[in-house]
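Engineer: Here are the chains, one letter per residue:
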Amino acid sequence: MKASIAQLLKSLKLGDSIEVMFNKRIFHGEFIRRDAEKKLVILKLKSGYDVAMGEENVSSMKLISRAPITKLNHGKETPAFSIENSDLTLITTGGTISSKIDYKTGGVSPTVPPEYYFQIAPGLKDYGNVEVNTLMSKLSEDIAPSDWVKMAKAAYDAINRGSKGIIVTTGTDTMHFISSALSFMLNPLSVPVVFTGAQRSLDRGSTDASTNLLLSAIAASKWEGGESVICMHANLNDNYNFLLRGNRTRKMHSERRDAFRPINSMPLSEVHLNGDIIDLSPHRPKSGETVLNTKIDDKVVMLLSYPGMKGAPIQDAVSGGAHGIVIEGTGFGNLPLSDKSMRDALSYANKKSVPVIITTQTVYGPTSTFVYSRLRELSKFKNVIYVGNMLSETAFSKLIFVLGQTRDIEKVRENMLRSVAGEIGDKNELSEFLI
Amino acid sequence: MKVRCGFEWHVQINSGKLFCRCTPKIHEEKKGDSEIVRVFRPSFGESGKIDKSAEFETGTAKRIVYQIFNDSDCLVDIDEEPPHEPDKTSQEVAFQIANALNASLFRKLIFMRKTIVNGSNTSGFQRTAIIGLNGKFKAGKSTIGIASVALEEDSAREETGPNLEAEKTEKTVTYKLDRLGMPLIEIATDVMETDENEAKSIALAFGRFTRLFNVRRGIGTIRQDVNLSIEGGSRVELKGFQNIREMDKAIINEGKRQASLIKIEKEKAYLLNNVDSIRLQDLSEMLVNSGSNMVKNALRDGKAVFGGKLRGFKGALGTELSENKRFGTEISDYLKVKEGCGVIHSDELPAYGIDDKEKTGIATKLECEKDDAFLFSICSIQQGGAVEEVIKKRLRELLTAVPAEVRVVNSDNSTSFLRPLGGKDRMYVETDLPILEVDERLLKEASEYLGFDAETIKEKYGISDEFLDLLIGVNKLSQAVKIREKLKLPFNTIISVMVEDYRYIKRKFGFDINEHDEENVLAKIASGYLAKDAARFIFEGLALKKSQSVEGIINRYSLQRKDRATLEAEIKRLISSGFSRYDTLITNLRDKFGFSFDASEAYEIASKLLKNG
Numbered sequence: 001m002k003a004s005i006a007q008l009l010k011s012l013k014l015g016d017s018i019e020v021m022f023n024k025r026i027f028h029g030e031f032i033r034r035d036a037e038k039k040l041v042i043l044k045l046k047s048g049y050d051v052a053m054g055e056e057n058v059s060s061m062k063l064i065s066r067a068p069i070t071k072l073n074h075g076k077e078t079p080a081f082s083i084e085n086s087d088l089t090l091i092t093t094g095g096t097i098s099s100k101i102d103y104k105t106g107g108v109s110p111t112v113p114p115e116y117y118f119q120i121a122p123g124l125k126d127y128g129n130v131e132v133n134t135l136m137s138k139l140s141e142d143i144a145p146s147d148w149v150k151m152a153k154a155a156y157d158a159i160n161r162g163s164k165g166i167i168v169t170t171g172t173d174t175m176h177f178i179s180s181a182l183s184f185m186l187n188p189l190s191v192p193v194v195f196t197g198a199q200r201s202l203d204r205g206s207t208d209a210s211t212n213l214l215l216s217a218i219a220a221s222k223w224e225g226g227e228s229v230i231c232m233h234a235n236l237n238d239n240y241n242f243l244l245r246g247n248r249t250r251k252m253h254s255e256r257r258d259a260f261r262p263i264n265s266m267p268l269s270e271v272h273l274n275g276d277i278i279d280l281s282p283h284r285p286k287s288g289e290t291v292l293n294t295k296i297d298d299k300v301v302m303l304l305s306y307p308g309m310k311g312a313p314i315q316d317a318v319s320g321g322a323h324g325i326v327i328e329g330t331g332f333g334n335l336p337l338s339d340k341s342m343r344d345a346l347s348y349a350n351k352k353s354v355p356v357i358i359t360t361q362t363v364y365g366p367t368s369t370f371v372y373s374r375l376r377e378l379s380k381f382k383n384v385i386y387v388g389n390m391l392s393e394t395a396f397s398k399l400i401f402v403l404g405q406t407r408d409i410e411k412v413r414e415n416m417l418r419s420v421a422g423e424i425g426d427k428n429e430l431s432e433f434l435i
Numbered sequence: 001m002k003v004r005c006g007f008e009w010h011v012q013i014n015s016g017k018l019f020c021r022c023t024p025k026i027h028e029e030k031k032g033d034s035e036i037v038r039v040f041r042p043s044f045g046e047s048g049k050i051d052k053s054a055e056f057e058t059g060t061a062k063r064i065v066y067q068i069f070n071d072s073d074c075l076v077d078i079d080e081e082p083p084h085e086p087d088k089t090s091q092e093v094a095f096q097i098a099n100a101l102n103a104s105l106f107r108k109l110i111f112m113r114k115t116i117v118n119g120s121n122t123s124g125f126q127r128t129a130i131i132g133l134n135g136k137f138k139a140g141k142s143t144i145g146i147a148s149v150a151l152e153e154d155s156a157r158e159e160t161g162p163n164l165e166a167e168k169t170e171k172t173v174t175y176k177l178d179r180l181g182m183p184l185i186e187i188a189t190d191v192m193e194t195d196e197n198e199a200k201s202i203a204l205a206f207g208r209f210t211r212l213f214n215v216r217r218g219i220g221t222i223r224q225d226v227n228l229s230i231e232g233g234s235r236v237e238l239k240g241f242q243n244i245r246e247m248d249k250a251i252i253n254e255g256k257r258q259a260s261l262i263k264i265e266k267e268k269a270y271l272l273n274n275v276d277s278i279r280l281q282d283l284s285e286m287l288v289n290s291g292s293n294m295v296k297n298a299l300r301d302g303k304a305v306f307g308g309k310l311r312g313f314k315g316a317l318g319t320e321l322s323e324n325k326r327f328g329t330e331i332s333d334y335l336k337v338k339e340g341c342g343v344i345h346s347d348e349l350p351a352y353g354i355d356d357k358e359k360t361g362i363a364t365k366l367e368c369e370k371d372d373a374f375l376f377s378i379c380s381i382q383q384g385g386a387v388e389e390v391i392k393k394r395l396r397e398l399l400t401a402v403p404a405e406v407r408v409v410n411s412d413n414s415t416s417f418l419r420p421l422g423g424k425d426r427m428y429v430e431t432d433l434p435i436l437e438v439d440e441r442l443l444k445e446a447s448e449y450l451g452f453d454a455e456t457i458k459e460k461y462g463i464s465d466e467f468l469d470l471l472i473g474v475n476k477l478s479q480a481v482k483i484r485e486k487l488k489l490p491f492n493t494i495i496s497v498m499v500e501d502y503r504y505i506k507r508k509f510g511f512d513i514n515e516h517d518e519e520n521v522l523a524k525i526a527s528g529y530l531a532k533d534a535a536r537f538i539f540e541g542l543a544l545k546k547s548q549s550v551e552g553i554i555n556r557y558s559l560q561r562k563d564r565a566t567l568e569a570e571i572k573r574l575i576s577s578g579f580s581r582y583d584t585l586i587t588n589l590r591d592k593f594g595f596s597f598d599a600s601e602a603y604e605i606a607s608k609l610l611k612n613g
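If you read the protein sequences in the order shown, they are chains A and B.
Every letter in the first sequence is one number past the one before it in the numbering used here, and letter 359, counting from 1, is 359.
Every letter in the second sequence is one number past the one before it in the numbering used here, and letter 558, counting from 1, is 558.
Chain B extracted, bound-state conformation (with noise of 0.2 Å):
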């Protein structure tokens, strides 16, 4: 199917929180160490505006509760401070992208607030700084412009389970603030011509380009938003994309819905005459014994059912837009978002236990004709007048042109209404930080990686791809890449220390090797102070706690490396005292000298002299 698309990928930078010292941490069973409560109010954009999609959202929750870490989270992220300055590696990481994709830099960041509130940011903005521009992109055999690269920070993550459907409904929405604050980088593509298929392998394509940086990974650490559109259609943004191998599936349905919408536009523009006759009333005396369950209990509960008369739309309601949605879904889902109940309609009937006789009784009540449809609500005795006044705008928006909106991709590939698109009302600058003065020496070491993709990594330092794989697996490849620069060590050394004795000691002992010590022993093989068989040696001392340093290691167990000479007398002795095979040798070297020197180098002195002997 032929769509316009344009990306907007999130990745989350491995690194701490960009506006305060914190480390985040993902809790995903544990609850808030506390809570607090937060009432939001619309707030101004530019000259004064409510933005669009901001009083959207503050009539939808008002009322936010968030649970607070103690190890994750400090007043910043409550804010209950202002921001401090921008963390360094997130600058690094976001520079090293920029420069991959070739975008024209900024040296000075404007952080800018843009409002969001939905309550994901305990402030009522997100931070927000363009580091670069007019960047591209290889994706296999196409190259993508790429419109704009920031650096920002991520919200809070909403807190769902079926123990707060019902808090939700009365407008209050919990999030957890573990993740608020987590540096991300967002890439914008420009819009393209393109179709589902490419679409997806662009999407994985990227994926993997993300790997090669020092970014965080698993699920939830790449978020992708697509905006896309047909020819008639307009823009919708699809966020939250499960699985991107299934990408391809969403679009089509997403197109195929714009289609259905566009067509249902030109052949039936005559409805759009009949939405300002709507009325709602009150029917929920006559449905007291409905055969349907749920408006029984709904009604005994203290709800009301509002229905109404929807002239000529028999058949429209039912009308299929894409798999599993029907034109009354799309009412339903915004009426739902907006004031938290969904509508039904008499061409889904009979069902939810309405038979064809009650729907007949509706219709009479309604004095519905034969092209008549009609449908109902559940909801308060209040909302009465909100619901049709909803009902109507969307009937109006869905008639007039495909809206144009931000929509949810649900896990059957089918999309659902979220809300508007934001404008540019949404952004104005963060009055808490000057503009940033991007350190000179971060911007010319991040410059190497100016074009940087797997294929130029393998080349310029002559990595193989397997040994790409494996770093990349670890997620070791850009700290790998400058100890290559710093020590020059042969990568055969740095994998088997950064990846094989990584990962022994983590399936081992469960201990994370980290970067500072990984270093460390590195630079003391580079000088020729350990021995390579060390490192494993030092790690598991550390993971056991013999001591807290390399260096305490080091000493307790005497693990300087043995000079060459020493370790050839050593051997010479051995031989003579009749030690012939390689395997004995060595665990005799061992006894005598642990981990102060290398097999490699003994069996290499070994062969030697038994060879010569």
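Here chain A stands alone, though its shape is the one from the complex (with noise of 0.2 Å):
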């Protein structure tokens, strides 16, 4: 490449109109960005199509006009929508629900204004007056359960100051995670609490988001139950979506909308497009207030049992200061306890009071003690928790609230077996398998 080139790369900025010599003909368009790597520069032609051109074929490179100079509002957050006597809340934690493409360059912005939401979901202002909360603007893979005490809160403070149904919007990935957290963290609760994403990115026409928003609205504000749930799509149509409990829903598919499914549980509702919730099982009733407990004590490590697997992530877990573990283990709470390094950990794990939470891998299903004898030999461990047809997530989720308020081996197991917030049970039903 020509120096003079090279040069001009240098002081090109987005949307500056230049003419391109590449294989020996003519294109203008707009400088998009220049691909250093590949050594590529990509050009957007009036046509609104970019096109890659290889740096080795660019003879001459001419600039024509400079961009027109845009106000930008890098990095700012947008503040909170805030209204007076707002009937809903809808507090934005970030996600695909809220990231916005970049047309020009491809990348995704995290943060987009409150009018956003309007526009995407119109039919959002029917259901009263709507404030937006812009909490902060993460992927759920970065959400921390210090991000879910922040989320809490700020739920807590709408619904004092008369807020009559909360809408949370987060990434989906770890969602369930976080309303399972919210249905320790705000019980009992006085309005619904409804948390929702979008599997499909907003650019499309074809886009979740709409419908979820929608939906979620409807339900926060029409719903009669006092819970933290999920309101994600029921199927692949644009027609309904369940509400389903917190704590009782896995994401169980990487991309299809209705990858929210209950687990060893029935879908609460079902919320329609045209306003009418339909109940499917029975809800937690509304309470006469809300009660908010934000202590956590976030020291929790979550483990997975896999074939050959020895005592020392366990072992490494307790020394690390890991407050408490949980562990999925095969079929029943199976953990290959033939291996001495593994008993070894659990009696240092019970040493050490750090209690392990047993849950199962195969989603479905309760854990049980009785089964095999080596469940019982594990179970004498005093330190070990089976906790049935609890989710593994909202072991980890509530473990991690439990230890918030005691590290009592004995006070922890009797919390973790006790159902708090619906979020285990000693029957299984034949209906809730694969739904």
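What the hints contain is simulated information worked out from the structure, not anything from laboratory work.
Among the hints, a few may not be true.
Here are the computed distance ranges between Cβ atoms for each label pair [as the list claims (entries may be wrong)]:
#1 ASN297/B with GLY275/A: 30 to 38 Å
#2 GLU455/B with MET252/A: 57 to 65 Å
#3 ASP301/B with ASP426/A: 56 to 64 Å
#4 LEU273/A with GLY473/B: 48 to 56 Å
#5 LEU204/B with LYS39/A: 38 to 46 Å
#6 GLY320/A with PRO434/B: 32 to 40 Å
Computed far set for chain B versus chain A, every beta-carbon distance over 10 Å [to be verified]:
#7 GLU159
#8 GLY361
#9 GLU369
#10 VAL408
#11 GLU448
#12 LYS608
Think of the CB as a built atom: it goes at the ideal place given N, C-alpha and C, for glycine as much as any other residue.
Two chains, two separate frames, one set of hints: put the complex together.
Structural biologist: Spelled out as structure tokens, the structure:
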């Protein structure tokens, strides 16, 4: 590449109008960017198409005019869109539902202005005054337990200010961890706290965000339950969503809009686009007031049992300062106990008073301590707690909450095994599998 | 008629879907194996603006039903999975065509999302990448500039049928997903000054040109859009040509329409001032006993009639723009797309069961004077206001300039409004796919197609017109040329297997020999392992499921070619035992050796022996 072209490339900004001689032919367009690694110049043609030109075939380049200067609102979080006497509160935390493509560069920016949600789902305003609280802009894999606390507090504040329903939008990957956590931190609840998000990006006409937002607003304003719930597509149609108990739900598909499924439970309700809500199973009623408890201890480690697993991961977690461990065992909750290091590691955790919560990686069905003698042996450790049909993700969120209240092993056991927000049950019904 | 015109051709490539590994299969009669319902919302183009055409379309169709076929669709097709890597064969064919058109190529492809919200793409956009620009195409004596060559995915097919009309008015449209994602090559020409005859001959020449490549054949596999304007007119994109041979008629009709509109704008510009004052009122009550059954029935079904006076418009609404199309039709077509109802105007009355007396009654009610016209529309009670706005908007457009828009060509070669033209606001980058670095070998192989057309093929490969037509007829030209290059077989052998045997087996057994088996057999003929005559026998065996593989048939029937010495010895033996006629000789040889020799070789040996004998 000629030095003069290299020089010009350095000075070019997005949107500058340029003329390029590429493969001995002349092209006009807007400069988009340079891919230095692949040695490409990306140009937007008048037709709207982007084309990539290999720098080795660019023989000349001319600046025609600079891009018009536009005011950019770089990195500033949009202020809360606060309304006096709002009926509903929309708390946004990031994720796909709050991500917008920069149509020129293809980059994704994490924040959208509050009006945006009303543009995507024009029907939102039919359900009263909606205030928007742009709480944070994170992808859900980056959301930590300390963020759960912020969300719980934001919801609690809004409820205290008179909001009659809360919608929380998050990225979908860890939504079920968050909805679980809030079911414990906001307990009981005087209004519904409805989680929703998007599996398909907002730029497309087919985005599920529109339906999800609208149906969540319907649920937040009209549903009679006082629970932390997830409101996502029931199936591949944009017809109705399920309301799913926040601590009994799991993301079961990486892409589909109906990825969130009830596990070991039935959906609580269906919410339809025409405003109808059909109850399918009993929910917790709204209580007179909402109680906030944000004491947590996030020194919890989650492990997966695997063939040939030794005691080291458990040992390392305990010596690394973990206050609690959740292990997804195989089948009924088995761990490879024939290995001495495994037994030693569990003893070590016991000695250090670190609770070890056992769930099952089958996802569906409960753990059991009676079927195999091995398990009976395991259950002799007083720190080992089998949590029946509680989901692993829920066990993780709950342990973080419970350890915030007490580190006494007996109390932890008692709390983990007691249903405080419908997260664990004795009855496993036939119809609850693969819904 | 002098027109300015540019073509956009969409040709289906004969391969699997572009962004998933499904095989497209068109199901003409069959309904989908399952259905899903989706709701479409306006989506945002560059800088958050809603594209004009996108906004218009979301206003028209909100609820979309998709019919899914298990054999041709997967999660990618219903927008529940990101696109896979673009299909290789499609890339090959696209680059061959781009080379043949002498386009300047891009070796790194950027796929874009073109917003389409009529629901014909489940995602709400069409994926498309420019692969070449600035090419040329020779059509007879003229050379046409090719503006761009793009590789893109086809849209879903709208399911139309009488039973769906009712649903459609409630803003539901049904699409079949069997075609969605099929690879397309889109070729846009430069705009040229031409006339209807030349335009038609260019379109026909282009159709012939595409058949030199591995593209799909049959109805609907090539679609042409024509951008057309006349002097003083505007760019109108014509879609949906049913029959290219009648393209000249459609061009004349559209040219006439634009010319008539220009004339009206000039002569009746003052009417523009009267548009604002148009007020529609509810005429339902007075028309309960209308002579028109259409009106009466609609009112009985709970619909309403809204009508209004158009001051000074008398005669204007009835002005004929082109055959069967009046000024009033322009308003009606537009309103039909936008609100699902048409208009009836005073210039076309008496008609539809409305007589002069009723016409006068309506005019009196609307306080029409001598030069005034009126129109009315049958719609729902809630639609009244919207209908008024739409009519006024359309009248303003029509009286200002020829509206630039997309129009559909009807079966009588007239054109009707379809939607506004899309702008570049509808194009942005596909974030689910990285920049595609096209395989160097693929590019190199495709570069052999530089300037490729029927003439160069004939010259380069010494193929006759007859053979060229035969290969094009079975859509195997590109395959045949490849085989010829690789195996150095004479064309008549290739034709015998790929055309004659292929057609014979297809006719007799309804069985399609696949390309792989064909190549396999030809390679074995080229190496001398098989006799030419074995080919048909092997294909029959495959069609009758005697074995699943070419090798299986060869082993089962001992088809390995007999060497010349063995053949000669047997012929000598037969001659010495008294056989001297060629046909009986061959029959005897077939009895003994089956298809492991070529009859032509046996003739040749026998004739030598008999001559010398």
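Engineer: Kindly indicate which numbered hints from before are broken by the structure, ordering the numbers from low to high.
Structural biologist: Structure breaks no hint.
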